[in-house]
Amino acid sequence: MNTNNNLYTVIYTSLIVIVVAALLAFVSQSLKSKQEANEKADTISQMMTAAGFGTKAEFQKMGNAAVLARYAEEIAEAYTVNTDGEKIADMDLSEVYSPSRLKKQNYNIKGAGQPELPVFVFRNGITVVPVYGAGLWGPVWGYLAFEQDHVTIKGAYFDHESETAGLGAKIKDDPDFQAEFSGEKAHWSEANVFEIVKGGSPKNADGTEIYDNKIDAITGATMTSMGLDAAIDTWLGAYSRHFASAESCCETQTVEE
Amino acid sequence: MDAKLKETILNPIFKGNPITVLVLGICSSLAVTVTLKGALVMTLSVIVVCGISSLILSLLRNTIPGRVRIIVQLVVVAMMVILVDQILKSFEATYAIDKQLSVYIGLIITNCIVMGRIEAFALGNKPWPSLLDGVSNGAGYGMILLIVAFFRELLGSGTLFGIDILNRFGYVPNNLVILPPFALILLGCIVWVQRSIQKDLQEK
Numbered sequence: 001m002n003t004n005n006n007l008y009t010v011i012y013t014s015l016i017v018i019v020v021a022a023l024l025a026f027v028s029q030s031l032k033s034k035q036e037a038n039e040k041a042d043t044i045s046q047m048m049t050a051a052g053f054g055t056k057a058e059f060q061k062m063g064n065a066a067v068l069a070r071y072a073e074e075i076a077e078a079y080t081v082n083t084d085g086e087k088i089a090d091m092d093l094s095e096v097y098s099p100s101r102l103k104k105q106n107y108n109i110k111g112a113g114q115p116e117l118p119v120f121v122f123r124n125g126i127t128v129v130p131v132y133g134a135g136l137w138g139p140v141w142g143y144l145a146f147e148q149d150h151v152t153i154k155g156a157y158f159d160h161e162s163e164t165a166g167l168g169a170k171i172k173d174d175p176d177f178q179a180e181f182s183g184e185k186a187h188w189s190e191a192n193v194f195e196i197v198k199g200g201s202p203k204n205a206d207g208t209e210i211y212d213n214k215i216d217a218i219t220g221a222t223m224t225s226m227g228l229d230a231a232i233d234t235w236l237g238a239y240s241r242h243f244a245s246a247e248s249c250c251e252t253q254t255v256e257e
Numbered sequence: 258m259d260a261k262l263k264e265t266i267l268n269p270i271f272k273g274n275p276i277t278v279l280v281l282g283i284c285s286s287l288a289v290t291v292t293l294k295g296a297l298v299m300t301l302s303v304i305v306v307c308g309i310s311s312l313i314l315s316l317l318r319n320t321i322p323g324r325v326r327i328i329v330q331l332v333v334v335a336m337m338v339i340l341v342d343q344i345l346k347s348f349e350a351t352y353a354i355d356k357q358l359s360v361y362i363g364l365i366i367t368n369c370i371v372m373g374r375i376e377a378f379a380l381g382n383k384p385w386p387s388l389l390d391g392v393s394n395g396a397g398y399g400m401i402l403l404i405v406a407f408f409r410e411l412l413g414s415g416t417l418f419g420i421d422i423l424n425r426f427g428y429v430p431n432n433l434v435i436l437p438p439f440a441l442i443l444l445g446c447i448v449w450v451q452r453s454i455q456k457d458l459q460e461k
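Chains W and X are the protein sequences, given in the same order.
For the first sequence, this note's numbering assigns the number 1 to the initial residue and increments by one for each residue that follows.
For the second sequence, this note's numbering assigns the number 258 to the initial residue and increments by one for each residue that follows.
Quick caveat, the hints were computed from the structure, so don't treat them as lab data.
All residues carry an ideal CB built from backbone N, CA and C; glycine is no exception.
Accuracy of the hints is not assured; some may be wrong.
Said to hold, decoys possible - List of simulated lysine-lysine pairs, DSS-like, C-alpha gap at most 30 Å:
id: 1; chain 1: W; residue 1: 203; chain 2: W; residue 2: 172
id: 2; chain 1: W; residue 1: 56; chain 2: X; residue 2: 294
id: 3; chain 1: W; residue 1: 56; chain 2: W; residue 2: 103
id: 4; chain 1: X; residue 1: 356; chain 2: W; residue 2: 40
id: 5; chain 1: X; residue 1: 346; chain 2: W; residue 2: 56
id: 6; chain 1: W; residue 1: 172; chain 2: X; residue 2: 294
id: 7; chain 1: W; residue 1: 203; chain 2: W; residue 2: 61
Claimed, not checked - Listed next, the stretches of chain X that the computed footprint assigns to chain W, with coverage defined by at least 3 CB atoms under 8 Å from CB atoms of chain W:
id: 8; stretch: 322-331
id: 9; stretch: 338-352
Next comes chain W alone, as it looks inside the complex (with noise of 0.2 Å):
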């Protein structure tokens, strides 16, 4: 048989490409359910690592059945708001925002669509926010929590699809840097509600930080941390207007009464 022939180099070409297309497909699809699951079940012990519940290694020797049962015992509401802060609809409390789903509220923040924001409240009172942006490589998203004033943060975890390990990687790998956001304040009503900057906050004489909103960047990762900051400065902004007239509708009741 001639296989040089153009003809058969056509044919032969296609029908490879079309029988490892169609396999890759069928797996792919029969192995969805799992992997999705494998997602939610890491999404959640994201949450929960930001939230204080525990670390990211303990979540993970849990395994996912574990996760989920100790998320269903902790989660107390969770809903969605618009960027002008209005409540759109309850979430099902099993429901949870994988990367893929925070990619698409990505574009509607800026300006695709209707943003539908999710907000998670633990019933210890601590809320969570996702974060989602681009890093260097590929996208980097995370979850901050927030104390119970909405204002201070509790903790946050991030996490990236491809940022260089050992650099833009820390900002999953390191737990300095996650730690460094634990007592810091989001100022929701000013334009950069938060901010990742070179030498974090400048100090006062005395070694106390002038800004409790800024903290250190990470040494060699200057893409990653920027497109960290855009992303949190982006998500938290299309919250501020939520968190902001939260703050303000409970201070008014307390005058009230």
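Given the structure of chain W, go ahead and fit chain X onto it with the hints provided.
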């Protein structure tokens, strides 16, 4: 087992090791050797991809048009890599490790060992020896990966497979070992050891 087959299996492990002698697959050996677990998953993935791609292409070898053979090889290798990645993502036990290895699983496709063995061996040999050649090249690559990962995890984190070994004796993990340059230093040492044992590799 005849001598030729034995040579096919044993050569890539030591005398013709893909990393230390052919110097292929260096990038991933720097990137995925921080922990033994990561290195082990990477090793198994490369063995599977290398072995089965060689087998498939050896079965197809008489039908592949010569002009597009590289493209056909690429399609088959890419398919195997995606399959391995999809399967790793589907199991609870391997999901986290797949996330940790992130792009490097996908980059097996660019690992010169895989394409190199297909081009040099599988296209000219019967399926059974091709499968063995693929598997043992993967194993030769993996062996070096595991040796490097052993030292990097032990000295860099004080653990092996995540189990504390040195830290309990007050060992302070060495951060240099975690960084990629140290893998290169270790690889250099392995090449040094191998060349002093195997004198015919030394240039005059």
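Results of checking the hints against the structure:
{"no.": "1", "hint": "W:203 x W:172", "result": "holds, 27 Å"}
{"no.": "2", "hint": "W:56 x X:294", "result": "holds, 17 Å"}
{"no.": "3", "hint": "W:56 x W:103", "result": "holds, 23 Å"}
{"no.": "4", "hint": "X:356 x W:40", "result": "holds, 14 Å"}
{"no.": "5", "hint": "X:346 x W:56", "result": "holds, 18 Å"}
{"no.": "6", "hint": "W:172 x X:294", "result": "holds, 19 Å"}
{"no.": "7", "hint": "W:203 x W:61", "result": "violated, 40 Å"}
{"no.": "8", "hint": "322-331", "result": "holds (count 6)"}
{"no.": "9", "hint": "338-352", "result": "holds (count 9)"}
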